[in-house]
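Visitor: Here is how the chains run, residue by residue.
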Amino acid sequence: MTPRWKFLFAGGLVFILLVALTFVPILRRRMKRAAKLQQQSEEQARRELTQPIAINPGDPRVKTKLFWASDTIDATLVPVSVDLPLSNDPVLRSKQVLNTLLAGPVDAELRTLPPDALLLAFYLLPDGTAIADFSEALANSVPSGIASEQLAVNSITRTLEANVPQVQRLKILIHGQEVETLAGHLDLTGAFVVNTKPAQTPVQIAPIAPGADKAAAPAPAPAPAALTPDKAPGRVAQPERKP
Amino acid sequence: MVVLDPAHGGTDPGARGTGGIRESEIVLSFAMEIRRALEQQGFQVVQTRQGNENPSFDDRSATANAQRGAVFVTLHISSTGLPGTVRVYVNSDLAPVAGSNGFIPWDRAQAPFLRLSRTFGDFVQGFLAQRFKGSPETAQTASVRQLRTTAAPAIAVEISSVTVEDRAELDRMAPGVADAIARGAAAFKPSYVVPSTSGALP
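Which chain is which? The protein sequence lines are A and B, in order.
Counting from 1, one number per residue, gives the positions in the first sequence under this note's numbering.
Counting from 1, one number per residue, gives the positions in the second sequence under this note's numbering.
Bound-form chain A, shown alone:
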């Protein structure tokens, strides 16, 4: 290569470098702006799709029972009565009461559902099975634990039970998907029965004698008649496993 070509080659490289230094930051700024616009439009679309069902003032006003946490008894729900104009259509009515439940009580401490959770969709099948699809915030923001997750689901099912008699069972989806648990504990693979509550059958416990902490003998609780499983169990079918 002659010195003249070497000079031209070096000059070309310097030129390309200068162009890159000038335009790359501009390009990066434009890409960032485009990404932000796309994110904003997705968020906008999501919000438009999940607009809470507006209460129609023309609907008859109904005494609506909403179940939020008790301020006196731990892990317990109490009904709060609110007069709301509610649709007679069970799907619209369910959306109205659930959106009011999600909006929360006046005292934010008594919320049962995270403030950022949204009801994305609600369907009611002819057999009375309802499907409620909530945003991921329901699973991500609800406090993790059996008591708190059960309280969240109970507030939904009991509010539906009190206001929408057509709903017999409830299946909860998170962002359109079936998930195994709400936040690590509560089983979401099945449908919740909206109307029945299991009976409690307490067992009498003999009191522990003072200083008996280290005693070897267990407190003799009155043993019920010998129990066996409801049905003599056979082998347990193994779960399906992914390869």
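Certain hints may be false.
Claimed, not checked - So the derived label-pair ranges between C-beta atoms look like this:
| no. | chain 1 | residue 1 | chain 2 | residue 2 | range |
| --- | --- | --- | --- | --- | --- |
| 1 | A | Met-31 | B | Gly-134 | 49 to 59 Å |
| 2 | B | Ala-168 | A | Gln-177 | 33 to 43 Å |
| 3 | A | Pro-57 | B | Asn-54 | 45 to 55 Å |
| 4 | A | Pro-165 | B | Asp-171 | 45 to 55 Å |
| 5 | B | Lys-133 | A | Glu-136 | 31 to 41 Å |
The hints are simulated quantities; they were obtained by calculation from the structure and are not laboratory data.
These numbers come from a predicted model, not from an experiment.
Glycine is no exception: its CB is placed at the ideal position from the N, C-alpha and C atoms.
Since chain A is already given, all that's left is putting chain B on it; use the hints.
Guide: Relative to chain A, chain B alone:
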């Protein structure tokens, strides 16, 4: 035999307190204490995890389902509730098992044991209520995922809570929780008749 299940572990820390308390660590230390109390009562104990692993729900159930005549106790720390209280849960009602092929469906393995689980849970909750004021008198019902696939009398024990400022407050509860579970298991034992059918589980 008692199968003890310290919940969570590995990449799943469970509930987390503001003071850095992690449910997965606390339940493991509780499990050690409960194991000692159960062994003193003459029980053989199997744990679903010994360290910071995170077996799946099914793997944990499989540990219990492989034992004959075992009871199952899964341990949790809540992120809400009155600190210093303890709640026992048994699984909600499950559709009855009506298989004609002699197999119990895995996803409803708890169904034939619900009545036994309720009795076991009420014994343990009764002893806990005597020690930890503000705890319920009887076991509660909840749709606990871990219990559903367990073919044994099975309970979940949830201690309140990771919101305590000092972990020592939880550690101080361990001996009382351990003693109540051991007493509950001992009280339940005479009422649990394990079927002698060949090949039956448990």
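Visitor: All hints are to be evaluated individually against the structure, with a verdict given for each.
Guide: Here is what the structure says about each hint:
1. Separation of Met-31/A from Gly-134/B is about 57 Å and conforms to the stated range, judged on CB atoms against 49 to 59 Å.
2. The hint said 33 to 43 Å for the Cβ distance between Ala-168/B and Gln-177/A, and at roughly 41 Å that hint holds.
3. Taking 45 to 55 Å as the suggested C-beta distance range, the pair Pro-57/A and Asn-54/B conforms, at roughly 52 Å.
4. A hinted range of 45 to 55 Å for the beta carbons of Pro-165/A and Asp-171/B is consistent with their spacing of about 49 Å.
5. The hint said 31 to 41 Å for the Cβ distance between Lys-133/B and Glu-136/A, and at roughly 38 Å that hint holds.
When the structure is compared with the earlier hints, no violation turns up for any of them.
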